[in-house]
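Enquirer: Residue numbers (this note's numbering), protein chains in the order written: chain A, 419 to 529; chain B, 123 to 221; chain C, 2 to 236.
If you're looking for bench data, these hints aren't it; they were derived computationally from the structure. Since this is a predicted model, take the numbers as computed values, not measurements. Careful, some of the hints might be misleading.
[To be verified] Okay, the calculated bits of chain C under chain A, using three or more residues with CB under 8 Å as the criterion: (1) 111 to 120; (2) 184 to 197.
[As the list claims (entries may be wrong)] A few chain C residues that don't get close to chain B, going by computed Cβ distances all over 12 Å: (3) Asp-67; (4) Phe-70; (5) Ser-162; (6) Arg-168.
Where is the CB? At the ideal position from N, CA and C, for every residue including glycine.
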Amino acid sequence: MSEAKPYEVLLDALDAADERTDTALQCGERVPAPWESAMQATCECLSWRGSLDNLERRQAEDRLGETVYSRFPVHARSVVVVAHSLMDRSVIDQDELKSKMKEVRARLERE
Amino acid sequence: MGRYKIGDRVTVRDATTLFHTRTQGYARGSTGTVVDTRPEWIVPEDEAFGILENGRHEPFYVVRFNQKELWPDYTGFDVDTLESEFSESWLMPAGKERK
Amino acid sequence: MSTTHGHAPIQESGQLSEFEVLELAVRELAIEKGLFSAEDHRRFSEWAESRGPHGGSKLVAKAWVDPAFKERLLTNGTEACKEVGLNWLEPTGQGTPSDYTFFYVLENTPKLHNVIVCTLCSCYPRPVLGMSPDWYRTPNYRRRMVRWPREVLAEFGLHLSPDVEVRVHDSNQKSRFMVMPMRPEGTEGWSEEQLAAIVTRDCMIGVALPRPDWTAQQVPSQATPSQAKGKGGRK
């Protein structure tokens, strides 16, 4: 397997969010944010419809989460790795994702 | 039906594979006892590539290991065990180790 | 990798987190590309969120009071589930991709304690137990439960004597497992509903044992003190 490289658009997302501060994976009592359940459903749909197998995703999460995306909080791994995998497979590209994020943000912040 | 029956001693193959597999590293090369059989399932290596329709189907077995045999430095007690499922092609009769 | 020094995290604007934006963006792009539909996603969310461990609790309580049902449950878990209204084929008609439909119930005895784990990912019997706890999905649990099970159980406060076989089930293939704990003393004459209440999620994973004085519906600090203070700990 070739050396994985992080996507800039994802690293940018980290700079605007909370960086991981723990060094070990903790068994926390943290309450997941609502978007995490939505992400879970996305993972299920991708696996169900044959775009990204759940096990494959989990393995990529373990692999990429401890290397190129190690600064990300553990609970953000699914979203980061799904985005990464879809870009790796050329299903989406960085510019598309960037502009979609901009669009989503604008929509959610609309007064 | 499958090649193994309940009570058979089997060893998990120590094959490395480039393919998607669900055979855990820690079990490879270990010997245990078949304690149950499962229906014929599609093998994960095919399933991972979406070959659901024509994928290879194989018998699966539940194998029970003594923890002390699985982990030489196991810290629990002699009675402790671990069970997991393996497809037939990942198993071989015990005593025929060294692939 | 960024070479900038570690700046303080930029405040999230309002309540909107960057990951929330990323999640929505990824989901919407996937839908636009036709990978799945918005309705698929809504259904999965609705289904996942309406699950809890109650189905599993019901199965165990029913098995405790009905030996014939217990026999059916241990023989064919998937079929027996239908008797309490749980169908492993819901909602997609083919089982969900990560919830395969081979379900086995593992019975604890005075000499055998079962516990489940999935070392490869985090397979979990969701139709009967709902979403898995966060800790179940951590490498801490997944990696260590197969290797140092008694140590991990002790971290959950569960100490088992040396003559009780601890049997770890690593659900690496298509089967899903659930533990049927032993009915505790002090529950004689209880109704099925009363019994179901003490069969909590953790008991069915195998990291805890049911107790007559604990249901996960209580606030722990307000529950009747039990073993901590010994006998007569009632306020």
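Enquirer: For which of the previously enumerated hints does the structure constitute a violation, in increasing order of number?
Expert: 1, 2, 5 and 6
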